[in-house]
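Participant: Here is what each chain is made of, one letter per residue.
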Amino acid sequence: MSTPNLIAELFDAHAAELYRYLARRAGHTVAEEVLSQTFLIAVEQQHRYDSERGGPRAWLYGIAANLLRHHYRSETRKWQAYARFPLGLVEDAADTAASRADATAAQRSLARPIAELSAADRDVLLLYAWADLSYAEIAAALNIPVGTVRSRLNRARSQLKAALADNPIQENVS
Amino acid sequence: MTQLHDDLELEVLRSINSDVSANPAALARVRTRTLGAPKPPPSWRPRWTKLAIVAVSALAVGVTAAVALPKTGSSAPASTTTGQQAPLTAGQFTSAAAEASLLRAPLRPNPGQYRKVTSTWEVVKGANVTGDQSYRQQSIQTTWVPANPDDTWVRTSETWLLPTDDASKKYLADHPAFKTHEVGPTERAKRGAFNAAAAGDETGDWGSPTTSFANQLPRDPDALLASAKEWNLGHGTKDDGADLLTTLTGMLVPEIDDPELRSAIFTAIGKVSGVEVNQAAHIGEQSGISLRGTSSENSANWGEVLFSADYQVLATEWHTTSIGTGEELVDRVTYRSEIVDSAP
Chain A
1 MSTPNLIAEL FDAHAAELYR YLARRAGHTV AEEVLSQTFL IAVEQQHRYD
51 SERGGPRAWL YGIAANLLRH HYRSETRKWQ AYARFPLGLV EDAADTAASR
101 ADATAAQRSL ARPIAELSAA DRDVLLLYAW ADLSYAEIAA ALNIPVGTVR
151 SRLNRARSQL KAALADNPIQ ENVS
Chain B
1 MTQLHDDLEL EVLRSINSDV SANPAALARV RTRTLGAPKP PPSWRPRWTK
51 LAIVAVSALA VGVTAAVALP KTGSSAPAST TTGQQAPLTA GQFTSAAAEA
101 SLLRAPLRPN PGQYRKVTST WEVVKGANVT GDQSYRQQSI QTTWVPANPD
151 DTWVRTSETW LLPTDDASKK YLADHPAFKT HEVGPTERAK RGAFNAAAAG
201 DETGDWGSPT TSFANQLPRD PDALLASAKE WNLGHGTKDD GADLLTTLTG
251 MLVPEIDDPE LRSAIFTAIG KVSGVEVNQA AHIGEQSGIS LRGTSSENSA
301 NWGEVLFSAD YQVLATEWHT TSIGTGEELV DRVTYRSEIV DSAP
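Chains as they are written, first to last, in the working numbering: chain A, 1 to 174; chain B, 1 to 344.
The hints are simulated quantities; they were obtained by calculation from the structure and are not laboratory data.
Think of the CB as a built atom: it goes at the ideal place given N, C-alpha and C, for glycine as much as any other residue.
Heads up, some of the hints might be wrong.
As the list claims (entries may be wrong) - Beta-carbon label-pair distances, calculated as ranges:
| # | chain 1 | residue 1 | chain 2 | residue 2 | range |
| --- | --- | --- | --- | --- | --- |
| 1 | B | P344 | A | G147 | 39 to 47 Å |
| 2 | B | E11 | A | E17 | 17 to 25 Å |
| 3 | A | N143 | B | T32 | 25 to 33 Å |
| 4 | B | V183 | A | A162 | 21 to 29 Å |
| 5 | A | R53 | B | P218 | 34 to 42 Å |
| 6 | B | N110 | A | E17 | 58 to 66 Å |
| 7 | B | R14 | A | P56 | 20 to 28 Å |
| 8 | A | N5 | B | K170 | 47 to 55 Å |
| 9 | B | R14 | A | R53 | 21 to 29 Å |
| 10 | B | G326 | A | P56 | 29 to 37 Å |
Full structure from sequences and hints, please.
Facilitator: Shown next as structure tokens:
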């Protein structure tokens, strides 16, 4: 299979979901930037792709996770602002100003502990919760043992649980 | 306890930004850009697209002062008879600052008083865009540091959403109930450990400076620099001029009342390559001498820290440029400090 076809197939299969994950974390502008860089790297390094190690999603998310580390601090600032202010983390094409104002107290209560997570813990948490990667896929993407994935995820979830306990849910989650 | 209850925090987390969808136009652009472009050269490397932003909790503060060259010992060049200033190197500036930090008696609050530190963060270019509306976000964080820093600190924050175009102004006029100002809760924490993950865990780190963290930092500049580099690499940033300047200057905070530590930090900054001095710097309405650090991967990304005549941080500004869109984003933080008789 030629180089362009392999990456083109991966793009058509996974780019949209990867873009959505990146946009949820860092906004549409960064999502487009990082997605471009991810697939440019994929083209350049496709000879290193090992289909037996986590699968294509893990490989692509791993490249993207490395690139997203450059935006760790700006992402942290977005979470900090979200904790204080209901405007969404992500600029969107729709008129979301009013809907963002409805962000529940429960959602905002998670923003501060997420802002305080290390890059490594935040990656594991959001790859699990937002990208729906399995433990094995996360381990392959981040090049860490599955046990480390479990411990980081447990630690991050404990912090979120504590934040929710301090801010009990008063309404249905939107 | 049901499984749903066990996973409640995950369900709440998954609901955040759950309505975000992939932008078809953006996907098409990326596909063309990546699959339609020629194979990149072997030396191609990913680039910075945004630079780290100084955390609002980095509260180095100074009073507005007239611009003046440091006049300490032999570390600063004297003015020429024509009034022109000889070029100042970063090493000379930081050496002067390090020396002055040891000599200067810090302004300290009396027992019962507080040092009130105010930092204002705002995006001055590249405002947030929501649909067809453009807004600028501004937040002010105020911290009261007790005369004994081991006592309880107090912190408040306010955030504003400011309309910056006709569409956003019209939207606010049509939706008067939409909140554009939010006041956060008043927080209290011993030794400034506001971000402690758990009670009793007050260590802090380079990104969340606390008295406890400052006390355990080495006073040897090389060890300080190694510590900052290690933290940077563990937090997705680099050991280049821009990121190290961010990390190290984040600890130049007035509540860390330790002249020896401040001196060591300045000396450590002097050892970072890629940091330059701007002797006629302006950030907002303030002017002074600044240190500038540039990203090693993209020279369009850089940060600047503006100092007062007595080497207190007046303001910081960080510039990042997207290599895809060319859009420039500029973040600015300004600082102010005063001694007050009480806290909220």
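Participant: Hint by hint, say whether it matches the structure.
Facilitator: Hints versus structure:
1. At roughly 46 Å, the beta-carbon separation of P344 (chain B) and G147 (chain A) lies within the given 39 to 47 Å, and the hint holds.
2. Taking the beta carbon of each, E11 (chain B) and E17 (chain A) are about 20 Å apart, inside 17 to 25 Å as hinted.
3. Against the hinted window of 25 to 33 Å, the Cβ-Cβ separation of N143 (chain A) and T32 (chain B) comes to about 31 Å, which satisfies the hint.
4. For V183 (chain B) paired with A162 (chain A), a C-beta distance near 24 Å keeps the hint of 21 to 29 Å intact.
5. With their beta carbons about 40 Å apart, R53 (chain A) and P218 (chain B) fall inside the hinted range of 34 to 42 Å.
6. For N110 (chain B) and E17 (chain A), the hinted distance range of 58 to 66 Å is satisfied, since their beta carbons lie about 59 Å from each other.
7. The hint said 20 to 28 Å for the Cβ distance between R14 (chain B) and P56 (chain A), and at roughly 23 Å that hint holds.
8. The hinted range of 47 to 55 Å is satisfied by N5 (chain A) and K170 (chain B), whose Cβ atoms lie roughly 49 Å apart.
9. Hint check: R14 (chain B) to R53 (chain A), Cβ distance near 27 Å, so the stated range 21 to 29 Å holds.
10. Our hint of 29 to 37 Å for G326 (chain B) and P56 (chain A) holds, since their Cβ atoms are close to 31 Å apart.
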